[in-house]
Amino acid sequence: MPVEPPLPGLRCHEHLHNFPPVSEWDNHIEYDAKAHPRKVPHSYMLIPTTCFNCESACGLLAYVDKDDLSVKKLEGNPAHPGSRGRNCAKGPATVNQLNDPERILYPLRRAGERGAGSWERVSWDEALDDIGERIRTALTEGRHDEIMYHVGRPGEDGFTERMLNTWGVDGHNTHTNICSAGARLGMSLWAGFDRPSADYANAKVMLLLSSHLETGHYFNPHAQRIMEAKQSGAKLIVLDPRMSNTASHADVWLAPWPGSEAAILLAVASYLLRTRRIDEPFLRRWLNWRTYLQELHPDAREDFETFLDRITDDYAQYTFEFAAREAQVPAEKVAEIAHLVADCDHRLSSHIWRAAAAGNLGGWQVARSLWFVLALTGSIGTRGGTSPNGWHKFIPEPPNKPNHHERWNELTFPREFPLCTNEMSILLPHFLAEGRGRLEVYFSRVYNPVWTNPDGFTWIEQLSNPDKVGLHVALTPTWSETAEFADYVLPMGHSSERHDTHSYETHAGRWLGFRQPVRRVAMSKLGHDVTDTRDANPGEVWEENEFWFELSWRIDPEGALGIRKYFESPYRPGEKITVDDYYQWMFEHSVPGLPEKAAAQDMTPMQYMRRYGVVEVEQAVYRRDERVIDDTELFDTTVDGLGVVRKPVTLDSVAPIVGEAGAVGVRHDDGTVTFGWPTPSRKLEVFSSAMRDWGWPEHATPGYIRSHVAAGEIDLDAGELVLVPTFRLPTLIHTRSGNAKYLNEISNTHPLWLNSRDAARHQVDTDDLVRISTEIGYFVARVWVTEGIRPGVCALSHHMGRWRLHPGEGSRWVSGMVEISHPGGEHTWFLRHKGGVAPFASGDPDSSRISWDDPGVHQNLAFAVHPDPHSGMHCWLQKIRMEPAHPEDRYGDVYVDTRRSAAVYREWLSRTRATLGPGGQRRPEFMMRPLAPTRRGYRVEG
1 MPVEPPLPGL
11 RCHEHLHNFP
21 PVSEWDNHIE
31 YDAKAHPRKV
41 PHSYMLIPTT
51 CFNCESACGL
61 LAYVDKDDLS
71 VKKLEGNPAH
81 PGSRGRNCAK
91 GPATVNQLND
101 PERILYPLRR
111 AGERGAGSWE
121 RVSWDEALDD
131 IGERIRTALT
141 EGRHDEIMYH
151 VGRPGEDGFT
161 ERMLNTWGVD
171 GHNTHTNICS
181 AGARLGMSLW
191 AGFDRPSADY
201 ANAKVMLLLS
211 SHLETGHYFN
221 PHAQRIMEAK
231 QSGAKLIVLD
241 PRMSNTASHA
251 DVWLAPWPGS
261 EAAILLAVAS
271 YLLRTRRIDE
281 PFLRRWLNWR
291 TYLQELHPDA
301 REDFETFLDR
311 ITDDYAQYTF
321 EFAAREAQVP
331 AEKVAEIAHL
341 VADCDHRLSS
351 HIWRAAAAGN
361 LGGWQVARSL
371 WFVLALTGSI
381 GTRGGTSPNG
391 WHKFIPEPPN
401 KPNHHERWNE
411 LTFPREFPLC
421 TNEMSILLPH
431 FLAEGRGRLE
441 VYFSRVYNPV
451 WTNPDGFTWI
461 EQLSNPDKVG
471 LHVALTPTWS
481 ETAEFADYVL
491 PMGHSSERHD
501 THSYETHAGR
511 WLGFRQPVRR
521 VAMSKLGHDV
531 TDTRDANPGE
541 VWEENEFWFE
551 LSWRIDPEGA
561 LGIRKYFESP
571 YRPGEKITVD
581 DYYQWMFEHS
591 VPGLPEKAAA
601 QDMTPMQYMR
611 RYGVVEVEQA
621 VYRRDERVID
631 DTELFDTTVD
641 GLGVVRKPVT
651 LDSVAPIVGE
661 AGAVGVRHDD
671 GTVTFGWPTP
681 SRKLEVFSSA
691 MRDWGWPEHA
701 TPGYIRSHVA
711 AGEIDLDAGE
721 LVLVPTFRLP
731 TLIHTRSGNA
741 KYLNEISNTH
751 PLWLNSRDAA
761 RHQVDTDDLV
771 RISTEIGYFV
781 ARVWVTEGIR
791 PGVCALSHHM
801 GRWRLHPGEG
811 SRWVSGMVEI
821 SHPGGEHTWF
831 LRHKGGVAPF
841 ASGDPDSSRI
851 SWDDPGVHQN
861 LAFAVHPDPH
871 SGMHCWLQKI
881 RMEPAHPEDR
891 YGDVYVDTRR
901 SAAVYREWLS
911 RTRATLGPGG
921 QRRPEFMMRP
931 LAPTRRGYRV
941 EG
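At position 455 of the sequence shown the residue is numbered 455 (full-length UniProt numbering), and the sequence of numbers has no breaks.
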């Protein structure tokens, strides 16, 4: 029999044979396991989509029953180059979300006070007309900054940015400064790009900060490749105060004092410099070492050998002994790490995203120091090394792309934080409370700031105030703590009920994924008429793309505002665009190689993407910095004093996604011109001119900033500890939905990790209740005594503690009923559970079989905002005081005084330096900025 060729995106040796062949995907037969021993066949259509339960976007195959069009299960898609047919528990659990008996199926409008739990069903037309009219009025009255779209993990690339540009608003807000702003700044200052992409599969040494195997940023695709590298002999180093699953696989696990990680990395860098175990040709060619000498050693000879001598002297203070004192670990363990790194042979793979960079004051210097080590070993952009995500990510151009606006919304990018890498999301309620602005229409989408962000009660205060937020629209498939305080709750589709394109840095290649509504695709294949995705989804659940098309049309029904033209079909002028139009044009015109791959299989590009759900754009992507700039690109360019090759630009020019407008490359000492790096010098910047120009010259080079929870800040004898809240239980879903019974069955307890020494000092034991006091209040948790965490540190996962106020709302699979009171006036808040998780009757018989009862503790409520003055990152780690629970305390209690929250906010804000850069720039242009305006928008007039 002929052998079916390997699936697109997989090499022959990687082809997974335990999947149905593609030729059977339209009619795959499986026998009903429940009917055994009888053979009862079921005919399925296998439709690819992608998972939406973390940012990996792993491929899924949905098994759609051809008899009733139900989705029976979801498994891995073997055509996907990132996940390669393998999924973690979250992917198959998507079926729980689809069949969740508590999901929202119809548009709802608030019928009483916000938070009172009174709702009425409305039509989509009613909701769209109301929202569209409010936005149209705000735009015509020049109140563009009062429109805000606030998203968590978007799950797509570029769609909403395009939409907001058509509206002419700078209203894009994200969750990034509770997630990754620290690591982004540390890397941006080096490379322009703000996210790493580790080539684990080919690494010789892997250096991980935190638990990437089970909870890392792209943990399923990365975990596969980390384990493959270990099987090939690679060494794994883990820095984490917890004994995570990743640490249990490490060759060297070091549990440093939180915030000391930069000291360890700088000690490694110092060792590499003084032993000259460095890649000198790489450093000579790619570091801006001349600027380093001019700025820090202006009297020194300007040659590379002098630079090496001076920088070695500058970092001589970072000895193994210094790092050991700061980290409170043995010096010989730091030395062991340095020796392993020195032996990496240009193949050091590393990734830092949250962990230390997200937890500590100055945590961005951890990422900055890590990239210093990568540079010294010559492991940047190499096979087995670490590259920027921009090399391994692909974002196609959409049809009819609008011009960029000129506005700058200081509710998201305030003057105090010129170097924040993303929007200052955590400070929004404080800005509203201060009167810095108001919101006429606020969209929350795949985001739950009342629960996810610190200081949730301040969020409730502002979301409850119609003078601060005129209309709150929650776009969500399920109830959440934030949706409780919305005016409209509009049901949006899960991962197999919507269209999106996306691409992530899972390995050293590039791919484009296509999420699609699987029942709609199956219905079309079977000849059913489908007008929009609501015809295929349960109830009146819609997909967001079609919602935004329709809303934009209603904002500008006659085209007078110049918006409607961007939502007309590229194939039928004057008619409203459809999702098929949008993606068909994209796949036909802006995905390299896709038309050819499709034609080779006698398909259109759209048919190819519908069939496979993904296309591999490029393999083995390395050293893009060395791409030679040809004569065509050099036309009409000049070369500045740094060797940067530039084209002319104006204030109306738009900066690229990263890099400065007009900069196309760098001329090297040997006369060659290559693409380089999207930094001001087009080189890797060991000295950051941006830090100098925006008021922080003392932090222009990689360094060590002692954390707000450094060892010297903690008085253990007074009952103080460091609380680490920045790890997650592996199977829990972040900002999506807690309504996934398979996952809740696996992870359903919420213990406070406590070392036995600390337990003895506090005279507590496993299962005892303790009161954890923070700057603004306290919460009550349950202890788990373990040697899996270092002394002086306790830890509590940030993925539990869900609650609901009203019986008809919320996720009963994972949340408890609570009551909220104000024992000391309107600014004192007290949350108490009225009951835990318990069995309940529903259309799913498993809901009556729930065996767990722990809803967890909503610890984030008791955290004040800690905006890092440089990166804007919320510094999650907390200095807390632990004591046995008081007699009146109950598990899960949370008390907060929001007046104290405001005081802590002002205290941290006072650490900033509100500085304009050269030419009155609000922010460095080279740094990535969502929804970037024209260059004119970057400047303060006058």
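Check the hints yourself; a few may be wrong.
[Stated by the list, open to error] Derived CB-CB ranges, DEER-like:
| id | residue 1 | residue 2 | range |
| --- | --- | --- | --- |
| 1 | ARG890 | GLY470 | 34 to 40 Å |
| 2 | SER524 | ALA914 | 51 to 57 Å |
| 3 | HIS339 | SER524 | 57 to 63 Å |
| 4 | HIS827 | SER524 | 19 to 25 Å |
| 5 | GLU30 | GLN619 | 16 to 22 Å |
Keep in mind that the hints were calculated from the coordinates and are not lab data.
Think of the CB as a built atom: it goes at the ideal place given N, C-alpha and C, for glycine as much as any other residue.
Given a hint of 57 to 63 Å, does the C-beta separation of HIS339 and SER524 actually sit inside it? holds (60 Å)
Assuming the hint says 19 to 25 Å, is it satisfied by the Cβ distance from HIS827 to SER524 or not? The hinted range 19 to 25 Å is violated for HIS827 and SER524, with Cβ atoms some 55 Å apart.
Cβ distance range 51 to 57 Å for SER524 and ALA914, holds or violated: Since SER524 and ALA914 have Cβ atoms about 55 Å apart, the given range 51 to 57 Å holds.
I want to verify a distance hint. Is the separation of the beta carbons of ARG890 and GLY470 within 34 to 40 Å? holds (37 Å)
Taking the CB of GLU30 and the CB of GLN619, does the distance hold inside 16 to 22 Å? violated (33 Å)
Hints 4, 5 from the earlier list are contradicted by this structure; the remaining hints agree with it.
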